[in-house]
Amino acid sequence: MQTSLLGIANKAKLDKKYKFGNLYERINKVALYEAWLKINKSSAAGVDRETAKEFKAKLDENIDTILQELKSKKYKTRLVKRVYIEKGKNELRPLGIPALRDKIVQRAAAEILEAIYEQDFIKDSYGYRPGKNAHQAIQAIKKELSGKHNHVVEADIKGFFNNINHEWLIKMLKERINDNAFIGLIKKWLKAGILDTDSKIINPENGCPQGSVISPILANIYLHYVIDIWFEKRVKPRCEAEAYYCRSADDFIFGFRYKAEADKLLNDLRMRLKKFGLELAEEKTGIVVFSRFKKHLGTKFSFLGFDFRWIASGKGKDYILIETNPKRMTKSLKAFTKWCKENRNNRIRKIVDMVNTKLRGYFNYYGIRGNSHRINRFYYIITKTLYKWLNRRSQKRSFNLDEFNEKMNYYGLIKPRIMREYRQMSIEDYCFA
Numbered sequence: 001m002q003t004s005l006l007g008i009a010n011k012a013k014l015d016k017k018y019k020f021g022n023l024y025e026r027i028n029k030v031a032l033y034e035a036w037l038k039i040n041k042s043s044a045a046g047v048d049r050e051t052a053k054e055f056k057a058k059l060d061e062n063i064d065t066i067l068q069e070l071k072s073k074k075y076k077t078r079l080v081k082r083v084y085i086e087k088g089k090n091e092l093r094p095l096g097i098p099a100l101r102d103k104i105v106q107r108a109a110a111e112i113l114e115a116i117y118e119q120d121f122i123k124d125s126y127g128y129r130p131g132k133n134a135h136q137a138i139q140a141i142k143k144e145l146s147g148k149h150n151h152v153v154e155a156d157i158k159g160f161f162n163n164i165n166h167e168w169l170i171k172m173l174k175e176r177i178n179d180n181a182f183i184g185l186i187k188k189w190l191k192a193g194i195l196d197t198d199s200k201i202i203n204p205e206n207g208c209p210q211g212s213v214i215s216p217i218l219a220n221i222y223l224h225y226v227i228d229i230w231f232e233k234r235v236k237p238r239c240e241a242e243a244y245y246c247r248s249a250d251d252f253i254f255g256f257r258y259k260a261e262a263d264k265l266l267n268d269l270r271m272r273l274k275k276f277g278l279e280l281a282e283e284k285t286g287i288v289v290f291s292r293f294k295k296h297l298g299t300k301f302s303f304l305g306f307d308f309r310w311i312a313s314g315k316g317k318d319y320i321l322i323e324t325n326p327k328r329m330t331k332s333l334k335a336f337t338k339w340c341k342e343n344r345n346n347r348i349r350k351i352v353d354m355v356n357t358k359l360r361g362y363f364n365y366y367g368i369r370g371n372s373h374r375i376n377r378f379y380y381i382i383t384k385t386l387y388k389w390l391n392r393r394s395q396k397r398s399f400n401l402d403e404f405n406e407k408m409n410y411y412g413l414i415k416p417r418i419m420r421e422y423r424q425m426s427i428e429d430y431c432f433a
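Here my numbering is used: the first residue of the sequence shown is 1, the next is one more, and so on.
FYI, nobody ran anything at the bench for these hints, they're computed from the structure.
Treat the hints with caution; some may be incorrect.
[Stated by the list, open to error] Ranges of calculated distance between the beta carbons of each label pair, as one might list FRET restraints:
#	residue 1	residue 2	range
1	Asp263	Ser146	18 to 28 Å
2	Arg270	Tyr411	48 to 58 Å
3	Met419	Arg347	23 to 33 Å
4	Ile122	Lys264	18 to 28 Å
5	Lys317	Tyr18	47 to 57 Å
6	Lys56	Asn391	41 to 51 Å
Small disclaimer: the values here were computed from a predicted structure and weren't measured.
The C-beta atom is built at its ideal place from N, Cα and C for all residues, glycine as well.
Working from the sequences, and respecting the hints, build out all of it.
Now the structure itself:
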């Protein structure tokens with residue numbers, strides 16, 4: 001972190017009510033260069049089709065141009081290119097791809113916001129945060145729910161990124177920021193036109209494009225005020241027994257000892273979200289009995305691609321089993337099948353190298369203790385699928401199963417493995433799409 005950002009972070013930590021000014025001026029040449037180093041150079045180009053390679057060819061000149069636009073207040077956001085990816089059965093998720101230059105400025109602004117708000121965010125918020133990751137959330141949940149809570153509320157917000165209320169978000173930002181120029185910059189990104197796949201330009205009244213560099217920190221700020229501190233300051237103190245809350249992006253769970261408090265939370269949560277223009281995805285929301293004394297019910301809840309449920313070990317000891325959610329596995333397998341169809345005509349060495357990259361990511365995320373049975377099942381189906389499509393490279397069968405296994409060993413197809421350490425990874429990094 002830059003020295004200037006450390007100063008901001010320290011001030012934010014010491015004074016929780018301090019409002020920061022002169023933030024716009026901190027987006028200087030050093031900040032823009034640092035932002036350039038941190039953005040993903042391999043991501044898709046925006047509407048202007050400028051690539052990282054082209055930008056790098058005249059790096060100093062391009063950064064100076066951006067800086068002059070900012071200083072003269074002539075900086076204008078480009079259109080955001082919208083693409084769609086498969087989210088579930090017959091469902092697509094819209095993603096926004098900003099132009100490269102907008103990504104750089106957004107990254108510089110996001111660094112400033114993170115320096116301030118990382119001092120305010122609660123410890124049980126894990127998504128899109130430096131030093132926080134999904135595996136930490138999973139372990140925290142396992143620890144907290146091992147005895148203190150009997151009921152879990154699992155919840156998901158319907159179309160969260162598309163329904164962030166701009167007016168509320170700006171009010172939230174002004175709780176910590178007293179700089180109209182910096183706030184104005186964020187307003188420009190929120191109001192930036194979206195170029196849809198049919199070449200239609202959409203001018204958004206609400207929402208924050210999922211996929212843009214600035215969106216994760218803005219989403220965390222929004223939910224920090226909407227849910228996090230509401231639970232910590234209003235809900236939790238009024239509970240008769242222990243209450244727990246964990247959030248990763250717009251997915252979250254609550255734990256309660258008493259069902260009446262879980263019921264009340266769910267009802268109050270609906271009203272709370274409505275106030276800020278949000279609503280629950282009811283098909284992904286509900287209350288689950290989660291107790292070692294009622295494990296015979298077979299109840300479970302899902303979070304971050306894993307299922308959580310109580311079982312008894314061979315020695316009769318109760319523990320929480322964490323395993324891959326079947327729907328997540330099916331989605332990954334379908335994506336891999338599609339990939340095989342499209343890439344089966346490459347050389348086998350190249351195919352194995354690409355498959356290994358996918359498998360490493362999958363095992364790094366899902367390869368946690370207790371999940372070896374699902375990992376091995378996934379690997380078995382993957383190899384069967386690969387064998388099937390490699391044999392469809394021509395009308396004549398390429399090789400039998402023994403020959404296939406021999407080739408996979410020769411080219412070094414990796415085996416399933418359980419990771420002993422929990423790494424800073426997100427599930428989006430390892431999808432097979």
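Status of each hint after checking the structure:
1. Under the hint 18 to 28 Å, the C-beta atoms of Asp263 and Ser146, about 23 Å apart, fit the expected range.
2. Checked against the hint of 48 to 58 Å, the pair Arg270 and Tyr411 passes, with Cβ atoms roughly 54 Å apart.
3. Against the hinted window of 23 to 33 Å, the Cβ-Cβ separation of Met419 and Arg347 comes to about 30 Å, which satisfies the hint.
4. Checked against the hint of 18 to 28 Å, the C-beta distance between Ile122 and Lys264 comes to roughly 21 Å, which is consistent with it.
5. In this structure, Lys317 and Tyr18 meet the distance hint of 47 to 57 Å, their C-beta atoms being roughly 50 Å apart.
6. Lys56 and Asn391 have their C-beta atoms about 43 Å apart, which keeps the hinted 41 to 51 Å range intact.
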